[in-house]
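Novice: Residue strings, one per chain:
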Amino acid sequence: MAVKKNNTIKLKFDSARNLAPAPESKSAAKINPRYDLFINGKFEKPQSKKYFSTINPATEEKLSEVAEAGQQDVNNAVKAARVAYDKTWKKMPGKERAKYIYRIARMIQERAREFSVIETLDGGKPIRESRDFDVPTAANHFFYYAGWADKLEYAFPNRNTLPLGVAGQIIPWNFPLLMAAWKIAPALATGNTVVLKPAETTPLTAMKLAEIIQEADLPPGVVNIITGAGATGAAIVNHPDINKIAFTGSTDVGKIIQRAIAGTNKKATLELGGKAANIIFDDAPIDQAVEGVINGIFFNQGHVCCAGSRLYVQESVFKTVVQKLKDRMETLIVGDPLDKNTDIGAINSRAQLDVINNYLKIGLKEGAEMYQASCSIPGKGFFVRPTIFTNVAQSNRIAQEEIFGPVLAIQSFRTDDEVIEKANNTPFGLSAGVWTDKGSKIFNMTTKLRAGVVWANTFNKFDPTSPFGGYKESGYGREGGLHGLSAYVNVV
Amino acid sequence: MSKSVLKKSSPLLNGNGISNQISEKRLEVLKTYKIYIGGQFPRTESGRYYVATNSKNEKLANMCLCSRKDFRDAVVSARGAFGSWSGRAAFNRGQILYRVAEMLEGRKAQFIDELVKQDSTRLQAEKEVNLAIDRLVYYSGWCDKYQQVFSSVNPVASSHFNFSVPEPMGVVAAIAAQNNSLIGLVSIIAPIIAGGNTCIVLASNSKPLCAVTFAEVLNSSDLPGGVVNILTGKVAELAPFFADHMDVNATVLCEPDTSLVAMAREKAANNVKRVFSYDKTDWLSAESQSPYYITDLQEIKTTWHPVENIGGAKAGY
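For the record, the sequence lines run as chains X and Y. Residue 492 is where the first sequence ends in my numbering, and the numbering goes up by one at each step. Residue 317 is where the second sequence ends in my numbering, and the numbering goes up by one at each step.
Errors might be hidden in some of the hints.
Derived DSS-like pairs (lysine-lysine); straight-line CA-CA distance at most 25 Å [stated by the list, open to error]:
{"#": "1", "chain 1": "X", "residue 1": "12", "chain 2": "X", "residue 2": "319"}
{"#": "2", "chain 1": "Y", "residue 1": "145", "chain 2": "X", "residue 2": "448"}
{"#": "3", "chain 1": "X", "residue 1": "151", "chain 2": "X", "residue 2": "99"}
{"#": "4", "chain 1": "X", "residue 1": "267", "chain 2": "Y", "residue 2": "280"}
{"#": "5", "chain 1": "X", "residue 1": "42", "chain 2": "X", "residue 2": "79"}
{"#": "6", "chain 1": "Y", "residue 1": "127", "chain 2": "Y", "residue 2": "25"}
{"#": "7", "chain 1": "Y", "residue 1": "280", "chain 2": "X", "residue 2": "151"}
{"#": "8", "chain 1": "X", "residue 1": "319", "chain 2": "X", "residue 2": "340"}
{"#": "9", "chain 1": "X", "residue 1": "319", "chain 2": "X", "residue 2": "30"}
These aren't lab readings, by the way, just hints derived from the structure by calculation.
Sequences and hints are given; from them, build the entire structure.
Specialist: Right, dumping it as structure tokens:
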């Protein structure tokens, strides 16, 4: 039988993956075997007497155990925050508040390496991302808002601001330290005090932040950090002496919170889920766009509320883009998050791994075509290969629901109007991306996409000066920048 | 009938050729008060009505007792109108709001009469109508200015151009103040549409006349159909729908009833609707107008684009 000649050029990726390991040292991080609750400036044993373990999702090994705050602990934390608000913080001149916040920023910078290692150990994200993104951006966020504390009279034209009081803040596990910074920094700058609850799978950097806050000599009770799961969060939301809820997490929980505080005077900002459309037009710089799509969906294992999880490619370049995506996926290194070469680390928890795997099944069942990078994944820990689906229908669940993992649903389109319609056809509205070489098209698209953040010829960029937050069911309120201040003040 | 054919000497006729004696007995043409949806004046699909009265319990008119279906129809037309209204030049929206003020000025007497029928004194009525006209002019001016006041160019650390601008939330369902007929209605409609939103507004139940007449003003002001839809009916019956409709982006309540507000806030969570409660506002006061009523109903959109970085010279903003 004659051998069929194949002229297709095949890219070889073996060498790309065979980099020598370059692990960051665990010794850079000091993790206590046990963490108590940070209430009123001191680490207190929980009244509930309960502790739970936090593990390294890349190895499933226990890292430490943290207290589980019960109702009494929440009461104590809120009381400490109330007293600190009335006695100290709301009376303190803005310029003095500012100096405390600057101090926190500096101390995070000083201990950046330690924070990065702990963030990666506890959450599973690649050390490169902890080191180059999470920790520096968190420090910068404190530094940025510190400067607002004595300038609030310039923020709202013809109005003054008053702090709200005690803010209850509940944050997710995808960017543990950064989300703590996003919540605490503007709250303190505007004169509020804080009770913060980190996610139950990633409490460690928040407890490290508590150490810094103690070290910075912040007046006791201004920031209280208590660990726990959903019940602790609910106790914060329902506490009668809380004035403000700031929540980042799923849309489902966001709706529960909105209902829970309906009959109260509590203000709220909700930063919820997303299903961002990333749109590639045929005139886009394809290689850059592909890189942006990779970053948009695989950054932080896809555990990003603004992840570009729906890709729309104009029909004429569809094949090229999909092929280039597949090629680029072959070069991604999935594995040990502490290795500096790693692109995609561990899924944050077994529960989330199950969610993602379930969506892969759903996608296949719905008739979509799945492609996964051929890389090997570690035997232990929670890992998923980077995945794309083609042949996806707009009504498919993988195109409608937030998966929160490294899973991309790809569709094609022909005209501008069609893609605007498809991109906006979702209850979410957190972010969107557009790739084209044409300026007028960029502005047409960015004004018509109903989303709070729109990236043109870039994706997943964040900055303390840049407001972030959603339209529609992606939540309300903004974090970051001048507009982020309004979440924590009454404008009078 | 032309004047020239009339005999001026006739004692029965005045200068207009209309008999003085007959005019005393002349039957007044009563106005049918209907609702305003999609630029049309239909009756409620439910066929229901209620009787609007004054404080002496004298009948003023039969009003439409709107149903959930009327509200849903109004949402469809508000959603349909949103794209082109929000996409219009801000300057054009300003001109249309100004036109509304002009039309209202021209029909001032009619509104004063209606307010007087609904228990205002003539002095109060005049004040209310004047204020409503001035408020429309005020918000007309804001149409192309609030964006500049509340936008920002953000000095991000990376090589990107980054700016944040307000954009309308979309379809707003509003329950107007119930204790007055005109000023409460105008005070919430004006900032909603000045900001590029479209709306469905439930008028005062007890003083509904001016709302319908105001719809006629809107209809003759180049305001596209569907941008403002006005319903009459019961607050308690319709409020749950205003709060839980999945294609409404924000709800505005001017209700002192805290349990109703709590109910609305809870139902609003179905689609993470934004809820604004202006329960303590005195719409006749000077403080009850500000650009913050516009920005309440705006989202902030932030746009990023890379800035090329060649030759070591860094561009920045």
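Novice: Now, for every hint given, state plainly whether the structure supports it.
Specialist: Here is what the structure says about each hint:
1. X/12 x X/319: OK: residue 12 of chain X and residue 319 of chain X at ~20 Å, within 25 Å.
2. Y/145 x X/448: holds (21 Å)
3. X/151 x X/99: The hint holds at about 13 Å.
4. X/267 x Y/280: At roughly 17 Å apart (the allowed maximum being 25 Å), residue 280 of chain Y and residue 267 of chain X satisfy the hint.
5. X/42 x X/79: Given pair residue 42 of chain X, residue 79 of chain X holds - Cα atoms ~14 Å apart, limit 25 Å.
6. Y/127 x Y/25: violated (33 Å)
7. Y/280 x X/151: Violated, at roughly 29 Å.
8. X/319 x X/340: violated (32 Å)
9. X/319 x X/30: violated (49 Å)
Violation of the numbered hints given earlier is confined to hints 6, 7, 8, 9; the remaining hints are satisfied by the structure.
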